[in-house]
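A.B. asks: So you can see what is in the structure, the chains are spelled out below.
There are 2 protein chains.
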Amino acid sequence: MLKGNLIFGQSGGPTSVINCSAAGVFIEALENSDRIEKVYGAHHGILGVLNEDFFDMGQEDKEELLLLKQTPASILGSCRYKLADPDDDDTDYQRILEVFKKYNIRFFFYNGGNDSMDTCNKISKFLQEKDYECRVIGVPKTVDNDLFGTDFCPGFPSAARYIATTVMEVYCDSVVYPAGQITLIEIMGRNAGWLTAASVIAADKGYGPDLIYLPEIEFDLDQFTADVKRIFEEKGKVLVCFSEGVQTKDGKFIPELAGEVKIDAFGHKQMGGAAAILKEHIENNINTKVRGIELSLMQRCAAHLASGVDVERTFEAGREAVRAALNDETDVMIGFERVSNDPLKIELTHFPLAKVANTEQKVPREWINEAGNFVNDEFIDYCLPLIQGEPQRIKEDSLPRFAKLKFVQAGEK
Amino acid sequence: MLKGNLIFGQSGGPTSVINCSAAGVFIEALENSDRIEKVYGAHHGILGVLNEDFFDMGQEDKEELLLLKQTPASILGSCRYKLADPDDDDTDYQRILEVFKKYNIRFFFYNGGNDSMDTCNKISKFLQEKDYECRVIGVPKTVDNDLFGTDFCPGFPSAARYIATTVMEVYCDSVVYPAGQITLIEIMGRNAGWLTAASVIAADKGYGPDLIYLPEIEFDLDQFTADVKRIFEEKGKVLVCFSEGVQTKDGKFIPELAGEVKIDAFGHKQMGGAAAILKEHIENNINTKVRGIELSLMQRCAAHLASGVDVERTFEAGREAVRAALNDETDVMIGFERVSNDPLKIELTHFPLAKVANTEQKVPREWINEAGNFVNDEFIDYCLPLIQGEPQRIKEDSLPRFAKLKFVQAGEK
Chain X
1438 MLKGNLIFGQ
1448 SGGPTSVINC
1458 SAAGVFIEAL
1468 ENSDRIEKVY
1478 GAHHGILGVL
1488 NEDFFDMGQE
1498 DKEELLLLKQ
1508 TPASILGSCR
1518 YKLADPDDDD
1528 TDYQRILEVF
1538 KKYNIRFFFY
1548 NGGNDSMDTC
1558 NKISKFLQEK
1568 DYECRVIGVP
1578 KTVDNDLFGT
1588 DFCPGFPSAA
1598 RYIATTVMEV
1608 YCDSVVYPAG
1618 QITLIEIMGR
1628 NAGWLTAASV
1638 IAADKGYGPD
1648 LIYLPEIEFD
1658 LDQFTADVKR
1668 IFEEKGKVLV
1678 CFSEGVQTKD
1688 GKFIPELAGE
1698 VKIDAFGHKQ
1708 MGGAAAILKE
1718 HIENNINTKV
1728 RGIELSLMQR
1738 CAAHLASGVD
1748 VERTFEAGRE
1758 AVRAALNDET
1768 DVMIGFERVS
1778 NDPLKIELTH
1788 FPLAKVANTE
1798 QKVPREWINE
1808 AGNFVNDEFI
1818 DYCLPLIQGE
1828 PQRIKEDSLP
1838 RFAKLKFVQA
1848 GEK
Chain Z
1438 MLKGNLIFGQ
1448 SGGPTSVINC
1458 SAAGVFIEAL
1468 ENSDRIEKVY
1478 GAHHGILGVL
1488 NEDFFDMGQE
1498 DKEELLLLKQ
1508 TPASILGSCR
1518 YKLADPDDDD
1528 TDYQRILEVF
1538 KKYNIRFFFY
1548 NGGNDSMDTC
1558 NKISKFLQEK
1568 DYECRVIGVP
1578 KTVDNDLFGT
1588 DFCPGFPSAA
1598 RYIATTVMEV
1608 YCDSVVYPAG
1618 QITLIEIMGR
1628 NAGWLTAASV
1638 IAADKGYGPD
1648 LIYLPEIEFD
1658 LDQFTADVKR
1668 IFEEKGKVLV
1678 CFSEGVQTKD
1688 GKFIPELAGE
1698 VKIDAFGHKQ
1708 MGGAAAILKE
1718 HIENNINTKV
1728 RGIELSLMQR
1738 CAAHLASGVD
1748 VERTFEAGRE
1758 AVRAALNDET
1768 DVMIGFERVS
1778 NDPLKIELTH
1788 FPLAKVANTE
1798 QKVPREWINE
1808 AGNFVNDEFI
1818 DYCLPLIQGE
1828 PQRIKEDSLP
1838 RFAKLKFVQA
1848 GEK
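In order, the protein sequences belong to chains X and Z.
Quick note on the numbering used here: the first sequence kicks off at 1438 and runs consecutively.
Quick note on the numbering used here: the second sequence kicks off at 1438 and runs consecutively.
If you are wondering where the hints come from, they were derived from the structure by calculation, not from laboratory data.
Some hints could be false.
Copies of the same chain look alike in the list, so a pair counts if it fits in one copy or across any two.
[Unchecked claim] Below are the PhoX-like pairs computed for lysine-lysine, each with C-alpha atoms no more than 25 Å apart in a straight line:
id, residue 1, residue 2
1, K1850, K1672
2, K1726, K1519
3, K1519, K1850
4, K1642, K1499
5, K1666, K1726
A quick note: this is a predicted structure, and the numbers were derived from the prediction, not measured.
In isolation and in its complexed conformation, chain X is listed as follows:
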């Protein structure tokens, strides 16, 4: 029966529930001190391992660890460090092995999206080749919702709830004046349009976009302009939600189109973002007030609007990661399977890392309308149950109370 120490790291862009996973891992691990002696939190993901920069989570108060459930953005710090392919350069892997040996790390948990699952997978294979016994578990996280297999990715439901709520509110604001107005809302999602699709829930409630553009569908600027013009002529107001990642048929992102609409001065600098570029473009084509809005970081860090389903399931996934490792599972990512939609019932499940690492889950074509400018009810049936529930929230002065950790250094940084 494998015993030893555990290290957990957070990677990639944060979410408003990323620390729910951390809370689940830490609390479950600390409750299993017969098998797991020390519980470490890596500072800035895998960099914390490479640099022997990590914290002793056993020194923290349990109440503060529980407050991680309402604290947005990687509490341990994140990184965007990409490990080389070990066949090309195994320096980092050798170093990880050295650190794992030095601190008797027998449980390695990594929290992130596609790239992080790939990192997990490569590390695990390397350790196996070197006959170093270690349970490696991927803990999913990404607002992009594009991880293979799992019903949803932690972070997505909360961001979707933020988007649906915010679009409803912005809709109300955007229609108050008698004069026409066109409002363009830019939503995160480089390759997959899950988050942007969530705006259809606002439309379903009667306060939402007229048009929705996802990266799954080729973006045609002329068709887009014609769509907006048509709705503008019909209704005098247009609300558009679009993914930052929409691309034309020759693979150009919107900021790259800027040249064509004569704003070459910025080149590919993405100055002001896609919303500003499309705003300028529509202003040049339709004579009315146009507003461009970027939901920016808010959509991924608005923990005050986190979904109860997301918070609780994500916390449980963290705990499950520990249980799986103690059960001698390795090379898996914890995920979710929906066994019933009404009432929502989501069970924890495990996916082989190898499969997760190389597959990207996009919004199915049949959930998008034929014209490619709106989202179908199938998406609502999928998404609406996920954004339900109000998690418990401890406040201070009617403001969020985030976890205050001691961050007791444990590695010989």
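Starting from the known structure of chain X, arrange chain Z on it as the hints suggest.
C.D. replies: Then chain Z, alone, in the frame of chain X:
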């Protein structure tokens, strides 16, 4: 004892609690049917009066009227129509008198900021000159918080709570990577910096801006750059909150500085807003990742984060407007007086419209630090009590449930 009909209109930029005033006016007025026979809601503010375009609020369900307390943005529609000076051109005033006579309007309530109070005042004087008896009451509203006399303006506390919460969350997100980052947050406020100042509450909680720039202080681009550089060298991360309305000593707004930072292509089109311009400028001066974030419409329509104090006091101010009118008061704006800070006790009071209309309330110089790049504790003592309290919120599918009105046409549009 004056009897007759009442008309209420909403004007200017909406807020997340503007309909709390409407709910207060409608509910109190409908409870006084012995004096007020018909309660009308003007479509698009004063334009609704001029065009005989208004609704019979007596036809609405009371539960839906109460849901106005959680429905953001002018439910009746707003306008930015400015009445001429009656000495120059009294066409609109003659028309208003004609409509008031036709519909026996004896109570006119107008909900808005400085300009709307000026409109109220001019209409009231004109009606008096024509010996038409009518009670004219101003109902305050503005996220800008710049109305004279009143302790606060309805809408400000909720926007301030949104800003404090959002800045706390964005702070968490902005510090996760080991690499340096500079985050610039643009906040509403053309002439007064109240909203931007509210970001200091996030700093007070430990998750806030390093630098705060208000329109009350002359904006010096070089000093700003030097401030950001200094903090960046000290900490590696910088969070800046600034008002969209900051101006240089020669009266230029940030988008007008764009020429100087070589983005002439856009002229004064305010492409991408001030945040994008300052982002470009800082990128040219400091070699690190820079993010520009506009809180855009969200800060004034995020009813899901409305302050309980704001919702309840604003609702009461609406009721008070009716009570004052029935008490034969006229030419006043309803406002608030703080009689105790801890615990917060705010009483309803009345201010002469003439005085309100011509005075703008700015953030006191002594509430801003000497260097003009941060806000003092006096502001926190003023603002923090206002953002307290969680109003009751009825939800549907974990999303806001906005009031659904019938809008029964009553004017002969």
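A.B. asks: Next step is simple, just say for each hint if it's right about the structure.
C.D. replies: Tested hints:
no., hint, verdict
1, K1850 to K1672, "between (62 Å within a copy, 19 Å between copies)"
2, K1726 to K1519, "between (44 Å within a copy, 18 Å between copies)"
3, K1519 to K1850, "within (21 Å within a copy, 65 Å between copies)"
4, K1642 to K1499, "between (40 Å within a copy, 21 Å between copies)"
5, K1666 to K1726, "within (13 Å within a copy, 37 Å between copies)"
Of the numbered hints stated above, none is contradicted by the structure.
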